[in-house]
Amino acid sequence: MLKDNILPLIFLLLALLIPLVTDNQYYLYILTISFVWTIGVYGMNLISGYTGQLSLAHAGFFAIGAYSVGLLTVKVGMSYWLAFMLALVITTIIGLLVGLIALRTKEHFFAIYTLCVGYIIYLIIYQWDEFTGGVRGLIGIPAPGAIGPIQFENSQALYYLVLVFLVGTVIFMKWITESLVGRTYIAIRNSEELAQTIGINTMRQKLVSFVTSTFFAALAGVLYASVVRFIGPNISYTMVTFDMLTYALVGGFGTLFGPVVGTLLIVLLTQSLQFMEEYRMIVFGPLLVLLVIFYPRGIVGGYAAWKRKRKIKKMNKSTTDSHNKSTYEGGP
Amino acid sequence: MDILLQQLFNGLTIGSVYSLVALGLTLVYGILHIPNFAHGALYMLGGYVTLMTMAAFGFPYFLAMFVSILIVGFVALLMERLVFHPLRHSPPIHDKIAAIGVLLFLETFVQLVWGAEYRAMSTPFGEVVSFLGITVTVQRILIVVAAVVVMVLLQLFLKKTLIGAAIVAMSQNREGAFLVGINANKVAMLTFFISGALAAIAASIASPINLVFPGMGHLVILKAFVIIIIGGMGSIPGAIIGGYILGFSESLGATFISSDYSDLIAFALLVIILTIQPKGLFAKKGAA
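Each protein sequence line maps, in turn, to chains Y and F.
Just so we're aligned, residue -8 is where the first sequence starts under our numbering, counting upward by one.
Just so we're aligned, residue 106 is where the second sequence starts under our numbering, counting upward by one.
All clues stand as given, with none of them false.
Simulated coverage check for chain Y against chain F, where a stretch passes if three residues somewhere in it have a Cβ under 8 Å from a Cβ of chain F: (1) 102 to 112; (2) 231 to 244; (3) 272 to 280.
Honestly, the hints are just simulated from the structure, not real lab data.
Using N, Cα and C, we set each Cβ at its ideal position, and we do this for glycine too.
Work out the full structure: start from the sequences and follow the hints.
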């Protein structure tokens, strides 16, 4: 049990130690942001990677979460944690409504439908000036309010807060994907007709998966607004969805740790190569194409496959060894 | 009354452009079952190639358009060979992701080469004419005429030539087409070439009344998808009629509802259609 989880635990330990080692605010900020994106990518991974429904509206739900918390705190003046909860509820309800309609469509239609939903959300945020601030965006979003004695004003505390949410997300994803529900999702991904034939209510399962995924997109959006403290309509643009898609695919679509590996790797890489910021797509685009053609499993999926192969080889070897031995001993 | 006529003519112009873009998209979908999300990038590339050949080499408008047709058609053909052909046995989610990858690449590539700023395309058809109480530029008349000419030529090609018949045969029945010895690879390449050429023509005739910039394909491609859902994925007459329906509803909506939200009309239409008919209007019965 421990042996299987040794790598993730080392990662976690490293993540916990980083703020103690460095007090470089910039590094901490970048790490915090990449944790935020990871949470969003987990949402996308659940509906698209596990359940096989390519949802291209994710940046939209991310933005609804961010704008909800922003508007509730800045314009309504609500206290932070109440706004936090409400933002999650609002986005999840919108996700439920969209999912109810969108999931009646299948395959290509679902992707096109969600792409258009994402664009509608962008257009509304962009055009509805007096409500969302339009192209100017929304400034002055407060940092998370204190929980008891713990303040979230400095970047270390914020880092740990986001890390806690990320770890929670991973644990939840581990639980759901290893449960019967998760296996139902994979069954739907492999063949929806077959899943239906063996008695799975595919519509309900897809809906639960979709709504859960919007919840995590919303959580990421809310945290993004609280960390960056400024949001503009660009966070809802379809390009952001495509970014998230790249992160998931590089790490491993439909794997538990793919989102962490992919997002951290790419965000840190693009940050360290400054010129990449604007032209990252010139690398990302061909990367997406090459990955789906030659290596659709991504880093984590590829590693898991390699490990499985090695294990089988080892097992075969040990069985043939014992087999040989036994014939030697028992033979004439 | 004049406003109505004027807007109807505007709808005709926009609709012509939409129809051409949707035609390319629906051809590829009908024959290869690929929803090519990168089609908008081909449209954008078409605008840039025409603009830049005019600016850099001083080519006249129609010659530049011809160059653009060849180049964009060839890029589309390459896309089929390098991306979609290797993915033909993969799960359907893969070619959508790959198409997105191509889209991202082409857009950034154009931005890297020619910059992100908005550019205007000059046209030899700038003068204004009046008839029936409406005033329009000759360019707009050209758009309408060119679109009709291209549609007629495409129809003649598909109906009267042997290669065209092969394309139609493959869209109707793949296995049957293989049985009578149609070369699937050649048909796929040709289909992509035509789809790229249509996008290039659409962009070249539309750019003088719009602007040329790296993101110009985004809205157009989304609307083209809406159109082929209205007209039936893979249906050629559906794409043409759908394009005009959308063109008219947008230009009328912009006048009588709100110009800020005119882009939303297409998406609202899509949401309503797919809410009522999850498989799109005119879904082929029993088609895989």
